[in-house]
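Asks: The primary structure of each chain is shown beneath.
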Amino acid sequence: MSRSIVKFAAILLVIAALFYVGLFGFDITDQARVFGILDEDGITQGLDLKGGTVIVYRAQTDNPSEDDMNTVVNMLRTRLDNQGYTEATLTRQGVDKVRVELPDVQDAQRAVETLGSTAELIFAETVAPDPADPNKLIAEKQVMTGKEVKNAIAEYGQTEQGMTKSSYYISLELTDEGRDKFSEATGRLVGQPIYILMDGLILSAPTVQTRIDSNTCVITGEFEPEDAKALAANIKSGQLPFSLEQVEVRTVSATLGEEALGNAVKAGLIGLILVLLFMLIFYRIQGLMADFALLGYIAVVFLILANLHINLTLPGIAGIILSIGMAVDANVVIFERVKEELKLGKTVRSAVDAGFNRALSAVVDSNITTIISALILWFLGTGTIKGFGITLLIGIVVSMLSAIFITKLLLKQTIGMNIKNIWLFGVSKKKPVDELKGGKA
Amino acid sequence: MYVKNKGIFLTIALVLVLASIASLVFRGFNLDTDFAGGMAVTYEINSEFSVSDVEAIANEALGADRSPSSVQRSGNEVIIKFGFDNDLDNDEARSDFAMTKIAAITEGLIAKYGAPVEETPAEEATEETPTEETPAEEAPKTGVVLKSQDIVSPSTGRELARSAVLMSILACIAILLYVTFRFEFTSGVVAVLALVHDVVILLGIYSLLQWSVDTNFIAAVLTVLGYSINNTIVIMDRIRENTRHARKETYGQIANKSIAQTLNRSINTTITTLLTIGMVYILGVPSIQAFSLPIIIGILVGFYSSVFVAGPLWATWRDSGVKKK
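Protein sequence lines correspond, in order, to chains A and B. The first sequence maps to residues 1 to 441 in my numbering. The second sequence maps to residues 1 to 325 in my numbering.
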């Protein structure tokens, strides 16, 4: 009996510890940290919670290629970085859409204008500061624009004959008109730089080595592989084969998000307390064990959310709260079964065993059908629906496991403590107690 | 009693489903901006205001021939929705239209109810000097604040609807396959019929009452799809078990017994789920209420279909199969 009490206490301690870590996080070593849900680096709040602007762009063409869409993403990335929107996230959505999330940005109009302007690629002989914006440059004397570039690719190899060092460079393919302009300019400007400007910022300023009279030319520099690819994509995006249509613009103010989060947390807490009480009143000692298991379930969900850095949206939170109500379902199925077995006159120990075993198929089958729906939401849904799908999925899987394993483990310990009063299991004592054979600890 | 009264139960279900389908066909949905395309703008107005005044301002801002499709009030917030002009054929025009109209409404409201307190400088300063945070927050709220704005192009809704239908069909097929594999084909069909019942009635209620339908509604319907199957499966599981032990009982008797044995569980699970999602509905902001209400309705309808429709339907089908043999 005392062994059971020790084990029981140990399990409760583990649940309490999990709960603490799930909330506040824990440093394993200086480098490794288990994140908690209240950690700043734990969960990322969706825009509907922390406020900001979402813009969804769609390519105005029927079947944009994978390359084209990646070019669009690169182009938007560059523009966002240039404008100081460094916290922005970009995600591909479906085949032909790009979702831009701008945290904390309230001025949707300015964001749309900034992103919507066509990227301007200019090759210039001389540049001067932009009178409108001191951080930018304008071309004083223009050689050609992005329109004259047919294609740009990042390549690796020796850029000049006789050089042994290989490096990344950008290979440009020019239109015929571009070839003429470029050949004329490079002829004049040997030894001088040509400035390549993108949206008023210098992408690169290669020095002309020799007159270039061909449809291809290269831009060399000390490029990192990623830089070279991004630069090529940027130059190419100066002439995207299609334009972008903004199909959604949504702005949420930070105060609205805060309010929504506060209300949701409050609703979750009250809902949780109601469920805990309900289980305790209806299933008594089993309910108490289920309540402990439910707290363990919440702790594990917090840990998963925080450590997978899941993007938590408002429907996502609703999904978690809903899952608290659903989480006890497996327990309810099992406990009703245990009650039935007790009514048949079985001992507490064998009733619990039989109840768990017989209810297992119902628990597994009913949860798997819900998992199927959650998977479909996660894979096929977009935006907030996707966020809801993932939290629902985590909730169901963890709750099923916690109901089957944690509750059973706890219940076994209580039986070990020799609790045989079947009233405590929610069965009324109509039958004389001596009809029931007591289990031995 | 469940199978004995199946005539009544199944008739109720059938009537509700047919009424829902009729409403869906004849009344359709009140599509929100997510589907229909258009603008939804939320303002917080920190002084006395009336919906009709706001509507008048919006009318004026939108121009003589247009009026907002809806103006809803919730607390000190007001949500104004309006559509695009039909003659705007390209995106740029629509974007300009949206931005100018929203700006016009904001101006109109500010003219009437006052400008908000300038909080921006204080907010920026807080990063370096946290002490300044307190006065900014304590300052009394005044004037009109633009809290959220959604601009959705009409094409988005069509894709959203298409993907929602696709997700629902896929979910039904996957569940049918799984249930057939784990139980048998009759159970699979009955489980999916019960699901279709739940979803159609849920859609029917929204159509009949013309409640607005948005993205959250889709997520809710799909949740109901996943949740209401739970009850049905638990009953089917008990039927499966009882069938194994049955000797002379008819399928009707087996179904009856199984439903009765699992009834407590069906009721209690429904209650615990309603407790949590109910709190979300009661305390939530409008957007989350729009998500939790259909789930609540779906859970209730799902309870009915699991207890009163799925079992009796299964028994009827199986018993008729026996008689033919």
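FYI, nobody ran anything at the bench for these hints, they're computed from the structure. The beta-carbon is built from N, C-alpha and C at its ideal position, and this holds for glycine as well. Some hints here could point you the wrong way.
Unchecked claim - Covered stretches of chain A (chain B as the covering partner; in silico rule of three or more C-beta atoms under 8 Å from a C-beta of chain B):
#, stretch
1, 21 to 29
2, 63 to 75
3, 172 to 186
4, 278 to 284
5, 360 to 370
6, 373 to 382
Asks: It remains to establish, for every hint, whether it holds in the given structure.
Replies: Hint-by-hint comparison with the structure:
no. : hint       : verdict
1   : 21 to 29   : violated (count 0)
2   : 63 to 75   : violated (count 0)
3   : 172 to 186 : violated (count 0)
4   : 278 to 284 : holds (count 3)
5   : 360 to 370 : holds (count 8)
6   : 373 to 382 : holds (count 7)
The structure does not agree with the numbered hints 1, 2 and 3 stated previously, though it agrees with the rest.
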